[in-house]
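*Asks:* So the chains spell out like this:
Protein chains: 2
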Amino acid sequence: MGYVRSPYKEKQDAPQQGRMSDTVSEIVIDEHYLPGLEDVETRSHLIVLSWFDRADRTLLRATPPHRKIEHGVFATRSPDRPNPVALSVVDLLGRDGNMLRVRGLDALDGTPIVDIKPYSPDIDCVP
Amino acid sequence: MGYVRSPYKEKQDAPQQGRMSDTVSEIVIDEHYLPGLEDVETRSHLIVLSWFDRADRTLLRATPPHRKIEHGVFATRSPDRPNPVALSVVDLLGRDGNMLRVRGLDALDGTPIVDIKPYSPDIDCVP
Chain L
13 MGYVRSPYKE KQDAPQQGRM SDTVSEIVID EHYLPGLEDV ETRSHLIVLS WFDRADRTLL
73 RATPPHRKIE HGVFATRSPD RPNPVALSVV DLLGRDGNML RVRGLDALDG TPIVDIKPYS
133 PDIDCVP
Chain E
13 MGYVRSPYKE KQDAPQQGRM SDTVSEIVID EHYLPGLEDV ETRSHLIVLS WFDRADRTLL
73 RATPPHRKIE HGVFATRSPD RPNPVALSVV DLLGRDGNML RVRGLDALDG TPIVDIKPYS
133 PDIDCVP
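Line by line, the protein sequences are chains L and E. Its first residue numbered 13, the first sequence is counted upward by one per residue in our numbering. Its first residue numbered 13, the second sequence is counted upward by one per residue in our numbering.
Hints were generated in silico from the structure; no laboratory data involved. Certain hints may be false.
Derived SDA-like pairs: lysine to any residue, alpha-carbon spacing no greater than 20 Å straight-line [unchecked claim]:
(1) K80/E with K21/L
(2) K80/L with K80/E
(3) K23/L with H44/L
(4) K80/L with P47/E
(5) K80/E with D34/L
(6) K80/E with D51/L
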């Protein structure tokens, strides 16, 4: 339903987790889905689900960055995983028609967008 | 890669958002992915991505519960949406082989599991 326009062109460009970065990217949504974006601009933060199409889907174990111990992949946030749906909480900087400008997205340029949801601390966070 | 075993059999049984419910469900992971679960039990909370296979994928506008105004679907958490990947933060109560017992999941019985990630407030929450 859309894709990412990002300064991150290659895997080595992207940060470990986007939430800690200041990089601004764009999400371009297919015209068909434009009615779905109405009022998104009233939200300060969004949850972006993207499909990491360059991921290794055979990985079942991974070592988190700065760690030494390997874990099952579902105990990590490894971008390489069986179903590489990446989850990012982003700051919504603005909307221009079918384009959303966001900060804190670690997806590579061209990454397909799966879904966009409004971030809600009541639902998405544990107090 | 797995599915949900839940007391919620029909759409009308399920709560609006699982985070606010106490219901215990099970996630059954296909044997092939069992190595991926190693150490998941050390986490207190998980993010579960499931595929709401009974959703209406044509919906582009929705009215949130207890509200009167319709918004674009991407400005809501409607389970009916173009790509119905549901996102739930759950309490992990325990693991028994390829079965995870969780609380706070609003998925219907039989819902396919897309991915499991460890919940991390640094990544998943805005301070």
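*Asks:* Take the C-alpha atoms of K80/E and D34/L, compute the straight-line distance between them, and say whether it is at most 20 Å.
*Replies:* violated, 36 Å
*Asks:* Just to be careful, I want the Cα atoms of K80/E and K21/L compared with a cutoff of 20 Å; is the pair within it?
*Replies:* Roughly 43 Å between the alpha carbons, so the hint for K80/E and K21/L is violated.
*Asks:* Does the alpha-carbon distance linking K23/L and H44/L stay inside the 20 Å limit?
*Replies:* Roughly 30 Å separates the two Cα atoms, so the pair is violated.
*Asks:* Do the alpha carbons of K80/E and D51/L lie within 20 Å of each other, as the hint requires?
*Replies:* Roughly 14 Å between the alpha carbons, so the hint for K80/E and D51/L holds.
*Asks:* CA of K80/L to CA of P47/E, is that 20 Å or under?
*Replies:* Within the cut-off at roughly 18 Å; holds.
*Asks:* Given the hinted pair K80/L and K80/E, is their alpha-carbon gap at most 20 Å?
*Replies:* Not OK: K80/L and K80/E at ~52 Å, beyond 20 Å, violated.
Consistency note: the structure conflicts with the earlier hints numbered 1, 2, 3 and 5.
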